[in-house]
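Colleague: Those letters in the sequence shown? Residues 837 to 1176, per our numbering, in order.
These are calculated hints, taken from the structure and not from any lab test.
Please note: incorrect hints may appear among the correct ones.
[Claimed, not checked] Cβ-Cβ distance ranges computed for the label pairs, FRET-style: (1) Lys-863 - Met-919: 27 to 33 Å; (2) Lys-1049 - Lys-1008: 21 to 27 Å; (3) Asp-954 - Ser-1090: 54 to 60 Å; (4) Asp-973 - Asp-1059: 34 to 40 Å; (5) Lys-1077 - Met-1121: 34 to 40 Å; (6) Lys-1106 - Ala-875: 51 to 57 Å; (7) Pro-955 - Lys-1151: 46 to 52 Å; (8) Asp-1088 - Thr-1169: 53 to 59 Å.
[As the list claims (entries may be wrong)] Taking lysine-lysine pairs in the DSS-like style, the calculated list, with each CA pair at most 27 Å apart, reads: (9) Lys-910 - Lys-951; (10) Lys-1064 - Lys-1077; (11) Lys-1005 - Lys-989; (12) Lys-1005 - Lys-949; (13) Lys-1049 - Lys-1064; (14) Lys-1148 - Lys-1176; (15) Lys-910 - Lys-1011; (16) Lys-1050 - Lys-1103; (17) Lys-1077 - Lys-1057; (18) Lys-1050 - Lys-989; (19) Lys-1160 - Lys-1103; (20) Lys-871 - Lys-1043; (21) Lys-1005 - Lys-983; (22) Lys-989 - Lys-1042.
Just so you know, even glycine gets a beta-carbon here, dropped at the ideal spot from N, CA and C.
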Amino acid sequence: MKKITLLFVLLCSFVCFAKTVDYKNEKYDAMDKNKQYEAIISSIQENDESSYTISDYFYLGLANFRMGKDAEAKKYFNTVIQMDPEFYDAYDYLAGTYFFAEDYENAIVYLNKCKELDPKKVRPYEMLGVIYEGMGDYQKAYENYSKFYELDKSPDSAYAMAFVLYELKDYKKAKPYVEEYLKHDKDSFAMNNLMVVILYSTGDYKKAEKYEKKIVELWKKSDDEEIKNYQYINIYSFDYKGYDFAVYKKIDQSGEFYNSITCYQYKDGKLIRGINLEYDGYTAMLGYDVYYLGYDDVETNTHSTTTVSYKKMPKFDDFIKDVKLLIDGKIETVSSSTYK
């Protein structure tokens, strides 16, 4: 969801930016605003190419860029650069053509040129942050997002900083950016979820309850199909004995049988098993323990139940402690069954 949001913001910024004043053509600007891209091209091409100005080449590139004709757009923008090696907007749009074609190496080259020509422009830092984040280079993403935030203290830059710091697992630094964004949009599903992760990472489970309740509220009333498809939210992650763990909590804690919390166990990026805090409404009705520790083995498609059970929802730290004991082989399995 985060990636889609950022790409949408960047696309809008390419549509709405103000061009270098020296090469501005009010007629073509008006046509561009009205999405008359073919008309821009026709108007310019009425004249012999020998009379084209640098502005004409730029608007030919712009009109083709708008229509998704990247090869034509690149040709005209490169002509502009040959005529004026410091024409910022041509480099900017060239970066855009490569960015939306997912040719990130070339996009980086032109975005860095934009930074060199005008280090006060915001978008190159934002776009470089998005690119490096997508490549998994979170440190470079952080460096560019930091400059983005420095130049433009906006909800978008706060959002970017919050998530890249989360990816760097620097939760304490991420927290103020999340708080800043939630002042702008208290109903952000992603940011409320991120605050839950941050508070769980610092052991502040009580404060996290406020944001968990908000997530349930947003989930129940949302018409957004993407949000409605969420059944669980990420609440915590940790490493143990050479494994990576991601912990998820069920949004709707209702029903007769469900996994209240699932702790996914990974080895070198491969899912090994899911360790579950399983709610059993039938045993609860009979007066027995309500929650059980079980697990699903991915490779063998086997579900197992252990000797560990709880009369009520255990404290989160106690659940994680039992997960670690299971990993250590100190908890016994009492029954197993295969599933498809």
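Colleague: Among all the numbered hints in the text so far, which are the ones the structure does not match?
Modeller: 1, 8, 10, 12, 14, 15, 16, 17, 20 and 22
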